[in-house]
Amino acid sequence: MDVFEAIRNRRSIRQYKPDPVDDKTVEKVLEAAHWAPSWGNQQCWRFVVVRDPKIKSEIADTLNKVTIDNELVENAAASSIRQAPVLIVFCAEKGKAGYSVDGTPLNDKGEYWYMFDIALAVQNLTLAAHALGLGTVIVGGFNVSEVEKILDVPGGCTVVTMTPLGVPDQKGQVSPRKQLSEVIIKDKFS
Amino acid sequence: MDLFEALKGRRSIRRYRTDPVDDKQIEAILETGRWAPSWANTQCWRFIVIRDANVKAQLAETMMTVKLPDREIPNPALNAMSTAPVVIAVCAEMGKSGVKHGTGDTSIEYATDKGDWFMFDIALAVENMLLAAYGQGLGTVIIGAFDAPKAEKILNVPKCYRIVTFFPVGVPELPGKAPPRKELSEIVIKDKFS
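Going down the list, the protein sequences come from chains A and B. Residue 54 in the working numbering is what sits at position 54 of the first sequence, and the numbering runs on without skipping anything. Residue 152 in the working numbering is what sits at position 152 of the second sequence, and the numbering runs on without skipping anything.
Chain A on its own, in the form it takes in the complex (with noise of 0.2 Å):
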């Protein structure tokens, strides 16, 4: 598939088809991942592959719930992970992307550095994995200290982020987008 199309056309799948992922084609998408570019060349990413049933379940209660029309309700995505056959964890090793040689953040944003390049090694995960017929859908709220325990993250490790992986059952909703006159500045701002 062309670079332009994948981009344009990935959409966030929140329901997936129970069909199976094999091994060779998670490894496909972990290597997309695996080829961003990261700070220093740290690559402070974890993948963590869940195929196990119980263990998606368990991430899929942590999942923050939402309110609709005054009602407390389960986070569409929380079902999306116990559907689709692979969940895949994205850990940081922290104190990596960000830090100079002496262990310390480099400017004002380097204590969170790790957020920037995982989301990087996202990116190309869902794009690869749009690429192969299959969905994915970026979740960021859940309970990560639950998520760590649950998972037996070690200590200088935090969880970032998660998306489920399968075949899609929808088509994914296009969600409508600033224009770019909106979002761009000429040299600086005025």
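Worth flagging that the hints you see were computed from the coordinates, not collected in a lab. You may find that some hints are simply not true.
Stated by the list, open to error - Straight line, CA to CA, 20 Å or less: simulated EDC-like cross-link-like pairs of lysine to aspartate or glutamate:
| hint | chain 1 | residue 1 | chain 2 | residue 2 |
| --- | --- | --- | --- | --- |
| 1 | A | 171 | A | 71 |
| 2 | A | 186 | B | 152 |
| 3 | B | 100 | A | 71 |
| 4 | A | 149 | A | 61 |
| 5 | B | 8 | A | 2 |
| 6 | B | 114 | A | 108 |
| 7 | A | 186 | B | 93 |
| 8 | A | 186 | B | 27 |
Said to hold, decoys possible - Non-contacting residues of chain A with respect to chain B, defined by C-beta distances greater than 10 Å in every case (computed):
| hint | residue |
| --- | --- |
| 9 | 20 |
| 10 | 24 |
| 11 | 83 |
| 12 | 103 |
| 13 | 169 |
| 14 | 171 |
This structure is a prediction, so every number in the text was calculated from the model and none was measured. A virtual CB, placed ideally from N, CA and C, is assigned to each residue, including glycine.
Position chain B against the provided structure of chain A, taking the given hints into account.
This is chain B only, laid out in the frame that chain A set:
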């Protein structure tokens, strides 16, 4: 260009030709930034397209030196700021990404321990733009080590925004080298850490 070819072939480019890059090519890059996903579709990104040589030079001055064990050297991408015809700076509107569902109108409450997710959403857009540049034969390199408050002053960035990164866009003088990657087995964990 095929997506996988772009994913694998894109390199960080630190040496550029002075060849021009036209507005259409830049717009194609920015379009892909705009199509990145974002927290609750908040699209906190703003893209500053810098062609003014003076502004590019001022921004280059904010770049930090690289500390080696025995000496300090300028950032190897420093010259790229003057040779590449365009620099794209990416700013984030604060208090949008990562905000808890149902809050944000009068007071902001963040949904996770990560606070504002601006760094994450900006990077989603940046990665798209790097791929789109490469898909058109153009090079880029992400600059993160710079004096952000100084850069914000140079670019007149309003208080509600923060500058996250900037990257030159131009015709590569040399193909970049692929820095070695860890083996997948070093970074992939099955089901849970043991």
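Tested hints:
1. 171(A) x 71(A): Violated, because 27 Å separates the two Cα atoms, which is more than 20 Å.
2. 186(A) x 152(B): 14 Å, holds
3. 100(B) x 71(A): 15 Å, holds
4. 149(A) x 61(A): 13 Å, holds
5. 8(B) x 2(A): 14 Å, holds
6. 114(B) x 108(A): 15 Å, holds
7. 186(A) x 93(B): Holds, because 17 Å separates the two Cα atoms, which is no more than 20 Å.
8. 186(A) x 27(B): Status holds; Cα separation ~12 Å.
9. 20: 16 Å, holds
10. 24: Per Cβ check, residue 24(A) is outside 10 Å of chain B; nearest 12 Å; holds.
11. 83: 18 Å, holds
12. 103: Given a closest Cβ separation of 12 Å, the condition holds.
13. 169: Residue 169(A) is indeed farther than 10 Å from all Cβ atoms of chain B, at 19 Å.
14. 171: 16 Å, holds
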